[in-house]
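Number of protein chains: 2
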Amino acid sequence: MTDDIGAFVRGPRVRIEGRPGGPLQGLTFAAKDLFDVAGVPTGGGNHDWPTGRPVPTGNAWAVQTLLDAGATLIGKTITDEVSLGILGENAFDGTPVNVRAPGRVPGGSSSGSAAAVAAGLCDTALGTDTGGSVRVPSSFCGLYGIRPTHGRLDVTGMLPQAPTSDTTGWFAQYAVTFAKVSSVLLSETIPTALPTKLPDKLIVAVDAFGFADANVATALQPMVKRLAALVGSSREEIMAPQGLSVWARAQRSLQPVEAYATFKDWLDKGNPRFAFSVAKALVMGSMTPQVDQTWAALMRQEVRSRMKYLLPAGTILCLPTTPFPAPLTGQPLSVLDQLRDRITCLCAHGGLAGHPQVNIPGTTVDGLPIGLSIIGARGSDATLVAVAQALEKVS
Amino acid sequence: MTDDIGAFVRGPRVRIEGRPGGPLQGLTFAAKDLFDVAGVPTGGGNHDWPTGRPVPTGNAWAVQTLLDAGATLIGKTITDEVSLGILGENAFDGTPVNVRAPGRVPGGSSSGSAAAVAAGLCDTALGTDTGGSVRVPSSFCGLYGIRPTHGRLDVTGMLPQAPTSDTTGWFAQYAVTFAKVSSVLLSETIPTALPTKLPDKLIVAVDAFGFADANVATALQPMVKRLAALVGSSREEIMAPQGLSVWARAQRSLQPVEAYATFKDWLDKGNPRFAFSVAKALVMGSMTPQVDQTWAALMRQEVRSRMKYLLPAGTILCLPTTPFPAPLTGQPLSVLDQLRDRITCLCAHGGLAGHPQVNIPGTTVDGLPIGLSIIGARGSDATLVAVAQALEKVS
Numbered sequence: 001m002t003d004d005i006g007a008f009v010r011g012p013r014v015r016i017e018g019r020p021g022g023p024l025q026g027l028t029f030a031a032k033d034l035f036d037v038a039g040v041p042t043g044g045g046n047h048d049w050p051t052g053r054p055v056p057t058g059n060a061w062a063v064q065t066l067l068d069a070g071a072t073l074i075g076k077t078i079t080d081e082v083s084l085g086i087l088g089e090n091a092f093d094g095t096p097v098n099v100r101a102p103g104r105v106p107g108g109s110s111s112g113s114a115a116a117v118a119a120g121l122c123d124t125a126l127g128t129d130t131g132g133s134v135r136v137p138s139s140f141c142g143l144y145g146i147r148p149t150h151g152r153l154d155v156t157g158m159l160p161q162a163p164t165s166d167t168t169g170w171f172a173q174y175a176v177t178f179a180k181v182s183s184v185l186l187s188e189t190i191p192t193a194l195p196t197k198l199p200d201k202l203i204v205a206v207d208a209f210g211f212a213d214a215n216v217a218t219a220l221q222p223m224v225k226r227l228a229a230l231v232g233s234s235r236e237e238i239m240a241p242q243g244l245s246v247w248a249r250a251q252r253s254l255q256p257v258e259a260y261a262t263f264k265d266w267l268d269k270g271n272p273r274f275a276f277s278v279a280k281a282l283v284m285g286s287m288t289p290q291v292d293q294t295w296a297a298l299m300r301q302e303v304r305s306r307m308k309y310l311l312p313a314g315t316i317l318c319l320p321t322t323p324f325p326a327p328l329t330g331q332p333l334s335v336l337d338q339l340r341d342r343i344t345c346l347c348a349h350g351g352l353a354g355h356p357q358v359n360i361p362g363t364t365v366d367g368l369p370i371g372l373s374i375i376g377a378r379g380s381d382a383t384l385v386a387v388a389q390a391l392e393k394v395s
Numbered sequence: 396m397t398d399d400i401g402a403f404v405r406g407p408r409v410r411i412e413g414r415p416g417g418p419l420q421g422l423t424f425a426a427k428d429l430f431d432v433a434g435v436p437t438g439g440g441n442h443d444w445p446t447g448r449p450v451p452t453g454n455a456w457a458v459q460t461l462l463d464a465g466a467t468l469i470g471k472t473i474t475d476e477v478s479l480g481i482l483g484e485n486a487f488d489g490t491p492v493n494v495r496a497p498g499r500v501p502g503g504s505s506s507g508s509a510a511a512v513a514a515g516l517c518d519t520a521l522g523t524d525t526g527g528s529v530r531v532p533s534s535f536c537g538l539y540g541i542r543p544t545h546g547r548l549d550v551t552g553m554l555p556q557a558p559t560s561d562t563t564g565w566f567a568q569y570a571v572t573f574a575k576v577s578s579v580l581l582s583e584t585i586p587t588a589l590p591t592k593l594p595d596k597l598i599v600a601v602d603a604f605g606f607a608d609a610n611v612a613t614a615l616q617p618m619v620k621r622l623a624a625l626v627g628s629s630r631e632e633i634m635a636p637q638g639l640s641v642w643a644r645a646q647r648s649l650q651p652v653e654a655y656a657t658f659k660d661w662l663d664k665g666n667p668r669f670a671f672s673v674a675k676a677l678v679m680g681s682m683t684p685q686v687d688q689t690w691a692a693l694m695r696q697e698v699r700s701r702m703k704y705l706l707p708a709g710t711i712l713c714l715p716t717t718p719f720p721a722p723l724t725g726q727p728l729s730v731l732d733q734l735r736d737r738i739t740c741l742c743a744h745g746g747l748a749g750h751p752q753v754n755i756p757g758t759t760v761d762g763l764p765i766g767l768s769i770i771g772a773r774g775s776d777a778t779l780v781a782v783a784q785a786l787e788k789v790s
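As they're listed, the protein sequences go chains A and W. Reminder that position 157 of the first sequence reads as 157 in this note's numbering, one-by-one numbering, no gaps. Reminder that position 192 of the second sequence reads as 587 in this note's numbering, one-by-one numbering, no gaps.
Don't read these hints as lab results, they were simulated from the structure. Think of the CB as a built atom: it goes at the ideal place given N, C-alpha and C, for glycine as much as any other residue. Treat the hints with caution; some may be incorrect.
Some chain W residues flagged as far from chain A (calculated, every beta-carbon gap over 10 angstroms) [unchecked claim]:
| hint | residue |
| --- | --- |
| 1 | L462 |
| 2 | R621 |
| 3 | V641 |
Chain A stretches covered by chain W per the calculated footprint, using a threshold of three residues with CB under 8 angstroms from any CB of chain W [as the list claims (entries may be wrong)]:
| hint | region |
| --- | --- |
| 4 | 67-75 |
| 5 | 260-269 |
| 6 | 272-278 |
| 7 | 331-342 |
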């Protein structure tokens, strides 16, 4: 299979046939280059990461689980360097083409996985989501994508970034594929779309819709209406009474600190090469004052409390996954930093509270995909997937 | 000519014959890849620097001046990225071999120029010195090296870093070559070694000798004695009454800020790739508090006043060029940062006050070269070169 969209890592393409007879037999998948594949160096999107590290002797849990279920691995995909990035422009490996939004970024850090699925090069693909790295590219590329409940999946063989926020996620172009893959990785049957199995309360996060670009909020309204019809009742609520920007600030006072701690020894011993923006994020992580970290840890408790209160079993919340569709490629950092900060306002709850979130594609703004997200109680991952699948059939 | 020491930039080697009949006819030189050579992209030690920039159509002033004087250019040499570095380890281009201290760094940022001259691949080589980038490699590689009076030479075609500290410098293995090249680049006759033309007062900077490693101070004593004999009188003085570390702090509160200003637009638009240490220096430059900058500017005035007071015409000051000989290659950043900070204590006066300084080789510690520096009044560059040349003949 050709890769004229630059989604796969350079060099010989890895391929491992899935075990015959499994539920995913006949499907193909790709793995973000943060997941170990036996015999293949894990690149992590950074040319100095593999240096001096042993080549993995086993597959990451998520890779092995898909193989065991019958899916065939067809390659490893480009990622933002050590998953630090939200737009998908890798200064060393290039920017995978977003076939749904030409000339625009695919979103990151799971850029190649999203781009490959959007281009039809594979049926599904593994990504990781710490601060939005599955949610954002699924919104920008018009895909189903999930950030599961934090801590639910085995992350063995997945390159960590900020462990208290890191999750394994995946993409699919079609709801039926998404449900099949989700069932395998969640080890849970996806509920059928009987009303009794679905949530009966929908919260519309008015602050999040108000924060998104006006045309994004408008474009998502028909999806929100269909979702409300599916669920049966809806109400408006403020998701973040303290402010979405306050939640974002808390996340940005915790995640880079953890990322710096993860990579500190490597930075010291290897002085690795990075794009300036990535190095800057790590430096900032090394310099976050303790007073900010302490405050952010307290705010995280408040966010967890708020999300738990909003989302008892049977309730889901919807919000725009991203405040805008995919930005143009090649913009200056001064512009990208502002875009990233706005994205973080809608994504920070994920890393802070760890609730599961599913991006549902289905609409566009000026021809560019934009996703609607649903969030549920911790552990309600399968229910969210069921809602996404059921929504496809609601007109 | 082979380059098995990795001193020259990759790719076809540039060569331009010197004009016949000049005073440097028969000599060869190399130019740090911060100097423009017509028709050759200036690399600046960073693989993203040349991108989108026009290829130079003329030679840098220093290159043209040497060509006009008859020297032949035989190549461009490796430098620390955009001259930000003092040890000479470039994560993209490698570390030029210091033939005088195998397994140890050549010093930077003019690493390739010093390494090439030390290995006998050329007679002289152009470098730049902002915070020590000629002085340090000349000490580590056992070479004559000069940081001229700031503002004296035309810097046209030289990639800037921190313009209020940037200077053009050069290296040579032999005093006679050093004097010839210096005469050309300074556009001044080097005084003959008649006592009447040489300084008659020598200051021994006791704080600087006390700051250096004890075995370095000891190893330099015979040279100091010969120098005192040559000059005729000597006295001990504290160079930096405020503290060498205070001077270093001032320099580190000014130079990275200027460097960031120099490269800011490029960073923003290009998001270039750097070693982590280089990106970190730029980030720190972008974050230096105004209160520190303001203080450092005042301290710079004090340093200028002190150096002017210490160094009237006819007086020179000597100090160890570096506190230790060349460190081992491949050490962790946590170690290198401490080494750099100590080096800065002995070098900061150069950027702050702009007096000329010449490194004189001639001794070793455990077989590793270490240099003695002499500093004079602003404009006394030729006198310093004459002293260096005369000292060779004093036993």
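Per the coverage rule (Cβ-Cβ under 8 angstroms, at least three residues), is the region 67-75 of chain A covered by chain W?
-> violated (count 0)
Non-interface claim for V641/W, where every Cβ of chain A lies beyond 10 angstroms | holds, 23 angstroms
With a C-beta cutoff of 8 angstroms, work out whether three or more residues of the region 272-278 of chain A approach chain W closely enough for the coverage to hold.
-> holds (count 6)
Would you check chain W against the region 331-342 of chain A, counting CB to CB pairs closer than 8 angstroms, and say if three or more residues qualify?
-> This one holds; 3 residues, not fewer than the three required, reach chain W with a Cβ under 8 angstroms.
Hey, is L462/W genuinely clear of chain A, shortest beta carbon separation above 10 angstroms?
-> holds, 35 angstroms
Taking the closest pair, is the beta carbon of R621/W still more than 10 angstroms from chain A?
-> holds, 40 angstroms
How about the region 260-269 of chain A: do at least three of its residues have a C-beta closer than 8 angstroms to a C-beta of chain W?
-> holds (count 3)
Checked against the numbered hints above, the structure breaks only hint 4 and satisfies the rest.
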